[in-house]
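2 protein chains.
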Amino acid sequence: MSTVGNPANIFWHENPVRKVEREKLLNQQGCVVWITGLSGSGKSTLACSLGRELQSRGKLSYVLDGDNLRHGLNKNLGFSPESRTENIRRTGKCIHKLSIGEVANLFADAGLICIASLISPYRKDRDACRALLPDKKFIEVFMNMPLQLCEDRDPKGLYKLAREGKIKGFTGIDDPYEPPLNCEIELQLKDGVVPTPHEMAGQVVSYMENEGFLEA
Amino acid sequence: MSTVGNPANIFWHENPVRKVEREKLLNQQGCVVWITGLSGSGKSTLACSLGRELQSRGKLSYVLDGDNLRHGLNKNLGFSPESRTENIRRTGKCIHKLSIGEVANLFADAGLICIASLISPYRKDRDACRALLPDKKFIEVFMNMPLQLCEDRDPKGLYKLAREGKIKGFTGIDDPYEPPLNCEIELQLKDGVVPTPHEMAGQVVSYMENEGFLEA
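Heads up: the protein sequence lines correspond to chains A and B, in order. Letter by letter, the first sequence follows residues 1173 to 1388 of the numbering used here. Letter by letter, the second sequence follows residues 1173 to 1388 of the numbering used here.
These aren't lab readings, by the way, just hints derived from the structure by calculation. Just so we're clear, the structure is a prediction, and the values are computed from it rather than from any experiment. Relax, there's no trap hidden among the hints.
Note that identical chains are pooled: a pair holds if it fits in a single copy or bridges any two copies.
Cut-off 27 Å, straight-line C-alpha distance, at most; resulting in silico cross-link-like pairs (DSS-like, lysine-lysine):
| hint | residue 1 | residue 2 |
| --- | --- | --- |
| 1 | 1269 | 1340 |
| 2 | 1362 | 1328 |
| 3 | 1296 | 1340 |
| 4 | 1296 | 1269 |
| 5 | 1191 | 1328 |
| 6 | 1338 | 1269 |
| 7 | 1269 | 1308 |
| 8 | 1308 | 1296 |
| 9 | 1308 | 1196 |
| 10 | 1309 | 1269 |
| 11 | 1309 | 1191 |
| 12 | 1340 | 1328 |
Construct the entire structure; sequences and hints are all you get.
Here you go:
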């Protein structure tokens, strides 16, 4: 770190705003609510409902899911040819790419309640995201809805395409969904009925409240 | 969108928390402050100083730069082999990667003042980031410090390595830095003296205040 005879450089560089200060400003604790489950299980709906419930309590959340990420899918905003990746790493010139797990981790570090809504079918991948975060800051929510229900809903028509063989490797059809072994919250049918989004969001908010996430 | 006879699904899904609501909660306007300039020009120092100044005013900011992103550099958190990328896109199963520009855009959408500190030497790349954001929400700050000054500082020892040929394509040595043509803020020497971080942060904050970013 250069000082160039300027003590301010040292001071400022060693005192970035810390997470705890942002959390105090927001009166909440940064974390990731990771909603996993089959396509059509209601992940996005829960994410919206949870975001609204938190907003009504004055808490800042942000939803990461296909809907607000899709715009980036077909853009090539790489800052350099792939061949220069190694150079980029060393010089810090630019721009590696981040996974959703890494982005969610940054949002939590910023103090937000980051609601990630992704099928995320593989246990090891979810666990890798969990491992990025400080202890207890990763809240895994399992939308444990029957495949038949999800396929009957088929909100994007993807099950139909998968059954017709037009999509390969579709979770639940010809690719496995690995249920969580130790998720924080499991949402499922009650007496054969799907809980309302409001009820499910309430269950998550209760957990967060009890665990102290909604105050700093 | 599936409704499954449940009107709540429709309601919630069509009513995610909007940016304007998050901004109202925070009493600020989400935006990106993109600090560009040579290695050693003081980008990270300004980012820290600006973050502290905003925090002292009760404003929520978050710094994206090499320091808080480097942890992700050597991790492989891809959710699937590259060969499955196309399938991933179609099914939304998981996890494409986002560039820093895209991540900064998400933070701005979340209502934060996102401070991105990157050399970002190419004009077209900065302009691509600008184009992601709504009008006037991209504040380009050019750290216009002389190469000689930056090289004398050489805080990470990278100029030395570049001069010795041990790093190829290093900005300012054997790769160009393209100065902004229409940046919002330009910071430079005054009477041959580097302004303090506090002075430079003040200049950015004044701009933001005048443009209405610090209230909702």
